[in-house]
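Enquirer: The hints should help you fit chain B onto chain A, whose structure is shown.
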Amino acid sequence: MHEMGIAQELVKIALDALPQDLDNPQVASLHLKIGKLSSVVSHSLTFCFEIITKDTPLENARLEIETVPVRIRCTGCGTEWEADTPVFQCPDCEQGKIEMLSGREIEIVSLELFE
Amino acid sequence: MEIKIRKQVLEKNLSEADKNRSYFRENNVFVLNMMSSPGSGKTETLCRTLGCLMPDIRTGVIVGDICTTNDADRLSVTGAKVTQINTDQFGGDCHLAAPLIDTAARKLGCEDLDLLIVENIGNLVCPAEFDIGEDARVVVLSVTEGEDKPLKYPLMFQVSDAAILNKVDLLPYLDFDAPLAVDNMKKVHPNMPVFALSAKTGEGFDPWLAWIRQKVKEKPAT
Numbered sequence: 001m002h003e004m005g006i007a008q009e010l011v012k013i014a015l016d017a018l019p020q021d022l023d024n025p026q027v028a029s030l031h032l033k034i035g036k037l038s039s040v041v042s043h044s045l046t047f048c049f050e051i052i053t054k055d056t057p058l059e060n061a062r063l064e065i066e067t068v069p070v071r072i073r074c075t076g077c078g079t080e081w082e083a084d085t086p087v088f089q090c091p092d093c094e095q096g097k098i099e100m101l102s103g104r105e106i107e108i109v110s111l112e113l114f115e
Numbered sequence: 001m002e003i004k005i006r007k008q009v010l011e012k013n014l015s016e017a018d019k020n021r022s023y024f025r026e027n028n029v030f031v032l033n034m035m036s037s038p039g040s041g042k043t044e045t046l047c048r049t050l051g052c053l054m055p056d057i058r059t060g061v062i063v064g065d066i067c068t069t070n071d072a073d074r075l076s077v078t079g080a081k082v083t084q085i086n087t088d089q090f091g092g093d094c095h096l097a098a099p100l101i102d103t104a105a106r107k108l109g110c111e112d113l114d115l116l117i118v119e120n121i122g123n124l125v126c127p128a129e130f131d132i133g134e135d136a137r138v139v140v141l142s143v144t145e146g147e148d149k150p151l152k153y154p155l156m157f158q159v160s161d162a163a164i165l166n167k168v169d170l171l172p173y174l175d176f177d178a179p180l181a182v183d184n185m186k187k188v189h190p191n192m193p194v195f196a197l198s199a200k201t202g203e204g205f206d207p208w209l210a211w212i213r214q215k216v217k218e219k220p221a222t
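Top line first, the protein sequences correspond to chains A and B. Following my numbering, the numbering of the first sequence begins with 1 at its first residue and continues without gaps. Following my numbering, the numbering of the second sequence begins with 1 at its first residue and continues without gaps.
One chain only, chain A, in its complex shape (with noise of 0.2 Å):
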């Protein structure tokens, strides 16, 4: 629902990074990491990103999406795992205090220019 809010955040930081030295740059693709616990739909993202980038060096890029697994680590035994299901509790001990290590990026890691 907020995939708009989060496509025009991602145009502006695309823009910021174009070299101003460069005519007329065209951007051939973006490359994200969305983490799988973000609350991100890929396909709406793609569809705010298609309509908000018309006329823009943007126009027609290609967004190269890479999903982050949800990795967890418990404080209370140090285990380690990913998950699959919102199933967070620590297989081992089922009690402690667990720690996100990846899972909620919602991150723009490059860009690719025509040459």
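Think of the hints as simulated: they come from the structure by calculation, not from any bench. Misleading hints may appear alongside valid ones.
Covered by chain B, per the in silico footprint, the following chain A stretches (three or more residues, Cβ under 8 Å) [said to hold, decoys possible]: (1) 5-11; (2) 15-26; (3) 29-39; (4) 48-60; (5) 106-114.
Beta carbons are placed, not taken as given, at the ideal position from N, Cα and C, and that holds for glycine.
Expert: Here is chain B on its own, set in the frame of chain A:
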């Protein structure tokens, strides 16, 4: 040609949230972000909570809704300072972002407050993603919703520091399995305190109020 960027897409919101945190620290005000689906009873819970906390704990409330000032009107009766944010002026957003909280908190004035409660927009998805500079987050689930909501909206229950299971006075009339709901919350967030209460009758309020009082007391030390 590849250009490295490596930035959090929501970094602007995060830096605004950090600014809010500094402002709240300067004013020694404990900030609680309350989130839930629409209709879980956030406002009713707050009305009773404020009735018990005020005037010992000087409390202000920022209420977020897409439209109407109904919630702010209900909360004003408690004597708390209340300000309303309507996000339709900002594009009908489904959550409160940090810059809106900055404006609202300064309009409200935090100098004479011990506690600031932000009643977020009713939504179990988006508000979980946006840091507003709060000290703690509370999610409200009511027994008229499903026991599996924590598993369906894991981010919300994972980022919250405490949960309220509201409307327990209705349990005799429903098939809702309260222990299962609590168990599901703990699966997503082990060790999270859960307060089963009824905003209508006041049942179960003491542990919840004690939790808030403790948090407010601890704030100046942090």
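Enquirer: Hints first: check each against the structure and report whether it holds.
Expert: Hints, one by one, checked against the model:
Coverage of the stretch 5-11 of chain A by chain B holds. Counting CB-CB distances below 8 Å, 4 residues qualify, and the rule asks for three or more. Residues of the stretch 15-26 of chain A lying with their CB closer than 8 Å to a CB of chain B number 3, which satisfies the three-residue condition for coverage. Using a Cβ-Cβ cut-off of 8 Å, 4 residues of the stretch 29-39 of chain A lie near chain B, which meets the minimum of three, so the contact claim holds. Judged by the Cβ-Cβ criterion of 8 Å, the stretch 48-60 of chain A is not covered by chain B as claimed, because only 0 of its residues qualify and three are needed.
Counting residues of the stretch 106-114 of chain A whose beta-carbon sits less than 8 Å from any beta-carbon of chain B gives 8, enough to reach three: the coverage restraint holds.
Comparing the model with each numbered hint stated earlier shows that hint 4 is the single one that does not hold.
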